[in-house]
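**Q** Chains as they are written, first to last, in numbering that gives the first Met the number 0: chain A, 0 to 258; chain B, 0 to 353.
If a hint is listed, it holds; no wrong ones were tucked in.
What follows is a set of in silico ranges between Cβ atoms, one per label pair, in the way DEER data are often shown:
{"no.": "1", "chain 1": "B", "residue 1": "Glu-273", "chain 2": "A", "residue 2": "Lys-21", "range": "19 to 25 angstroms"}
{"no.": "2", "chain 1": "A", "residue 1": "Lys-21", "chain 2": "B", "residue 2": "Pro-2", "range": "45 to 51 angstroms"}
{"no.": "3", "chain 1": "B", "residue 1": "Glu-244", "chain 2": "A", "residue 2": "Lys-58", "range": "51 to 57 angstroms"}
{"no.": "4", "chain 1": "B", "residue 1": "Arg-111", "chain 2": "A", "residue 2": "Lys-58", "range": "30 to 36 angstroms"}
{"no.": "5", "chain 1": "A", "residue 1": "Ile-187", "chain 2": "B", "residue 2": "Ser-4", "range": "33 to 39 angstroms"}
{"no.": "6", "chain 1": "A", "residue 1": "Lys-21", "chain 2": "B", "residue 2": "Ala-237", "range": "20 to 26 angstroms"}
{"no.": "7", "chain 1": "B", "residue 1": "Glu-244", "chain 2": "A", "residue 2": "Ile-187", "range": "34 to 40 angstroms"}
{"no.": "8", "chain 1": "A", "residue 1": "Leu-114", "chain 2": "B", "residue 2": "Arg-96", "range": "52 to 58 angstroms"}
{"no.": "9", "chain 1": "B", "residue 1": "Pro-116", "chain 2": "A", "residue 2": "Glu-120", "range": "28 to 34 angstroms"}
{"no.": "10", "chain 1": "B", "residue 1": "Thr-61", "chain 2": "A", "residue 2": "Glu-120", "range": "44 to 50 angstroms"}
Simulated from the structure, these hints should not be mistaken for laboratory data.
Even for Gly, the Cβ is constructed at its ideal location relative to N, Cα and C.
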Amino acid sequence: MALDNENTLARMEAFEQDGPLKGLRVAVAGGTSGLGLALVHEFASAGASVAFVARDRTKIDTTLTDIPGTHGIAGDISRKEDIYPIAMEITGELGGLDVLINNASSLGPVPLALLGDTECEDFEQALATNLLGPFRLTKALLGALAVSARQGRGAVVLNISSDAALNPYPLWGAYGASKAALNHMTRIWDEELSPEGIRFLWIDPGDMDTPLHALAIPDADRSTLKRPEAAARQAIETIVSALPQYGRSRGRIVDEATR
Amino acid sequence: MIPASQPVQRPRDAKLLVIDDAGNLRHVPRSSWVEFLRAGDLVVANDAATIPASLPGVHVDTQRAVEVRLAGRRSLDPEDVHEFTAVIFGEGDFHTRTEERPAPPRLKAGDRLKLGPMSATVVRLLGHPRLAAIRIEGSADRIWAGLARHGRPIQYAHVDVPLSFWDVWTPIAGLPVAFEAPSAGFVIDWRIVTNLRAHGVGFTTITHAAGISSTGDPALDARLPFDEPYRISEAAAAAIGRTRERGGRVIAVGTTVVRGLEHAASAGTLRAGEGLATQRIGAGTRLRAVHAILSGTHEPGTSHYELLRAFADDRILERASHELDLHGYRTHEFGDSVMLEAAFQHYHRAWSAA
Numbered sequence: 000m001a002l003d004n005e006n007t008l009a010r011m012e013a014f015e016q017d018g019p020l021k022g023l024r025v026a027v028a029g030g031t032s033g034l035g036l037a038l039v040h041e042f043a044s045a046g047a048s049v050a051f052v053a054r055d056r057t058k059i060d061t062t063l064t065d066i067p068g069t070h071g072i073a074g075d076i077s078r079k080e081d082i083y084p085i086a087m088e089i090t091g092e093l094g095g096l097d098v099l100i101n102n103a104s105s106l107g108p109v110p111l112a113l114l115g116d117t118e119c120e121d122f123e124q125a126l127a128t129n130l131l132g133p134f135r136l137t138k139a140l141l142g143a144l145a146v147s148a149r150q151g152r153g154a155v156v157l158n159i160s161s162d163a164a165l166n167p168y169p170l171w172g173a174y175g176a177s178k179a180a181l182n183h184m185t186r187i188w189d190e191e192l193s194p195e196g197i198r199f200l201w202i203d204p205g206d207m208d209t210p211l212h213a214l215a216i217p218d219a220d221r222s223t224l225k226r227p228e229a230a231a232r233q234a235i236e237t238i239v240s241a242l243p244q245y246g247r248s249r250g251r252i253v254d255e256a257t258r
Numbered sequence: 000m001i002p003a004s005q006p007v008q009r010p011r012d013a014k015l016l017v018i019d020d021a022g023n024l025r026h027v028p029r030s031s032w033v034e035f036l037r038a039g040d041l042v043v044a045n046d047a048a049t050i051p052a053s054l055p056g057v058h059v060d061t062q063r064a065v066e067v068r069l070a071g072r073r074s075l076d077p078e079d080v081h082e083f084t085a086v087i088f089g090e091g092d093f094h095t096r097t098e099e100r101p102a103p104p105r106l107k108a109g110d111r112l113k114l115g116p117m118s119a120t121v122v123r124l125l126g127h128p129r130l131a132a133i134r135i136e137g138s139a140d141r142i143w144a145g146l147a148r149h150g151r152p153i154q155y156a157h158v159d160v161p162l163s164f165w166d167v168w169t170p171i172a173g174l175p176v177a178f179e180a181p182s183a184g185f186v187i188d189w190r191i192v193t194n195l196r197a198h199g200v201g202f203t204t205i206t207h208a209a210g211i212s213s214t215g216d217p218a219l220d221a222r223l224p225f226d227e228p229y230r231i232s233e234a235a236a237a238a239i240g241r242t243r244e245r246g247g248r249v250i251a252v253g254t255t256v257v258r259g260l261e262h263a264a265s266a267g268t269l270r271a272g273e274g275l276a277t278q279r280i281g282a283g284t285r286l287r288a289v290h291a292i293l294s295g296t297h298e299p300g301t302s303h304y305e306l307l308r309a310f311a312d313d314r315i316l317e318r319a320s321h322e323l324d325l326h327g328y329r330t331h332e333f334g335d336s337v338m339l340e341a342a343f344q345h346y347h348r349a350w351s352a353a
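Chain B on its own, in the form it takes in the complex (with noise of 0.2 angstroms):
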């Protein structure tokens, strides 16, 4: 697929292929896809704004350039922002391809980095030289300030220009949790959200930490994604709940209401709170909360495509991925789309019996 290299959020050639439960395959133009829903259903949406996570720096035992990309969090308590997950490169920025990036200076616990206005210790490496436990010093109110002022967006060198804040954040972007942009978000906007309830359809957003969705490096791709906090409020809880036992679908925007929903759906009944998504969703998977999902298009062995198999049997989704490439469908986080129905057997018994 070609990547999608304008930071354009709902750009009006923007297409999308719909996999109905049958595996039939439909081309629409994007802006269609509420006609898709029914009256019944309720499209479930991220609404976590992104964090500027990249954060140029130094690392002062050598005085060299780092960038610090932070990528994980254990909780979105608000004073919780001392301790990351970071994923740290050498010197250079996001023009240069993530797998072409210098690594960082060998890192070890206790190493000081200056990050702007911020300092920081790496706290223990991960299992990779590139993977630290860092911890920002300072009042949780400091911290946010200096990532307000001092972060990028993260960012990779398919898109040239320099993000700003207004690219990445959802118009429906609430509190400050993600790392990297829920894009599958950018289709939706206010004309949408307000125009859903005369179609009779349902609208509600959970709040996920969308960690990174790339490093460039095999290893730690391997391990993508990383753990992410969640939120999902009574409101939202009881909007699956009554959709569901009225017999309507809960389409979510995104991998991470998917990961999200079904973490919070896998003891049984979907529970109303703040968990840890720590789960990967792949071909084995059996949904429990989620019929439908709405995505950015995914190549073949990311962490999202393999979400997607969740949805939908190999050979449905290769066909898939063939008809993305015919007809030049762009991909990344300001690409096209997919909107996939989860086929029958692709339920938990408990769920597609109720």
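Same shape as in the complex, but just chain A (with noise of 0.2 angstroms):
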């Protein structure tokens, strides 16, 4: 799970002049451990200009040392006064935004609980962290996304999801409520934005070996799980090819990010 830094260095160099994915500015909610930081250093890698947030300072410098060139962001998206800060430093830093992906995930009850166990404050917080935060983030930076939709940059929201908001799975109540809400959430902003050229997009990445699987599962067989960098590759697949200026490069990147 550890990220090889020569490697990504390496890489960094090879993609300094022309990345496949040069000049998109990209934003991950969540972006210093598992499937967020395999995100931010998949994109960086890629040419892309990223910009994370997380809630802990240590962990953001360490990222930032780890993917020189990105921008590490301190923040909490399951609080309101929070939101506008973060939006501010995300486009101000970028210079506008292309692609925002809210990864940011609270289980809600740890261990996790029984509905009829289940503290209300966990469930709100799992709310909070896996509807809110992203409701009110996109909607802070949904003008941002609009400017580079009208450009025709392409403008694309990606919410990640989880089978659990499918599958009524026992002891995970909180978190595949909200999640199952997330989705739906999705669904109506691209209704209702697409015609905008705002693509918002959801993807279930998968039983990954990361913190937030740790947390819920402590005893799972961590070789049976997949790795939060194979998932970071199929989402990035999923944004570019939602992307009118940057699907053509599409086969390069996962090429490139396998090799």
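If you follow the hints, you should be able to join the two separate chains into one complex; please do so.
**A** Given below as structure tokens:
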């Protein structure tokens, strides 16, 4: 799961001149561990300008050291007061925004609990992080995304979901319900704004070897879990195919990334 | 006029005075403004988001409190956030009318200012004891974070409650480059954006770093508006060109859009790209790019009112001002609106002949 820094730097140099995603401006909410970190890494490797949001300043600094040239923003998307400062830092530092990835997630109660045993506060925290946070951040960044869309650059919001949004797994009540709502919100956003050129997508990245998974299922056999880097490449492929300007370079990104 | 004191962007009872190109006046609910557009028209709004540009701080030498209001910047480059033009007040905040705010300590080049998490230096005074070029230290990312966390939206005494980001960002706000809200854009919501196409009306935006509207000092106010950088995308320039070719009207939402478009068109054809609007628009200006403006209500004597004189003769504007007073229109950023179509004689010859 540890990133191969030497390899990263070599690839960054290779892409420095004309990475396939050069000029693409990407924000990842929840970008210092698991899938989010892998997304920051893969996007940066492909030449995109990347800003990531996380709560922990130390983890932000570590990520900035490991993936130079990215922009680290301290904030908590579950807090209403943090949303606009985060949005302003993202668009200010990147000079606009083409892609927003809502990846930050909360399990709700840890250890996982039956709904009957779930504290209301834990349920609220899952909703605040998994549903309200993405709603607020998307709303605050909608203007910037629309600017990109009107300029023909395309604009994509990718919401990271889970199969727990579709299947009623016992113990996953707070998480599953919040992700199901996130999916439905994503579909409505897309109906409303795809005519304006802003696409809203969600994916289920599968069971990955991440800190969130370890928190939910501490005794899982990690060797059976998907690596977040693989899920990140699939996510990037999904995003790129929805961007008119970059769709043509789709195959190349995956080739380069898996080389 | 009555100052609008509630920070509500789209009050249900907002009013609109429509003034057509023959000088006819009509009072209507503002929510109906789209009905005054015609198929083939193009609405151009300012997509700038608003920086919280009021920075409480301390003048380090004297340890006296100051309020620094960022008011200008030379470009829209995300890295170019070190040097700003700033209006500096002494202690106090927006609750005191700007006209009554104490002066800052006597400022000179090299003075240090502590602005929350940021440190800044006075680079030079700009011909007035309250106006200075300042330089903020640190990386661009640190400055963006410092502004986002420490800054407050610039506001005036007519609104009593402290403004939040969501009060001053229009629904279409994108790049954070404005120092005060491009408030004419408060009329636009996503329902309007998504419905204009069904009416055959185009919609596009430019990015214009709206500066401050008032300083409380007559000598400084006379220098407004300060220079404002703007950017017009190829897509926006093309949409404006097409509208003109097909005989449609370009409707500017706000004075900043007029200033940006007219500056970009000053050499003849409207050009795409970034520019620095330095010109004043007033009674003598012949419009080359814009046919009509949707704007707030403005009091005679302000730079915004001066700009309206480019659209209509003084006797029409005087009649309009009288009507606004008579019908209880509210003014300032959360106030009512005016839609003003330029009279034929106010177009530039080259433009009106086309």
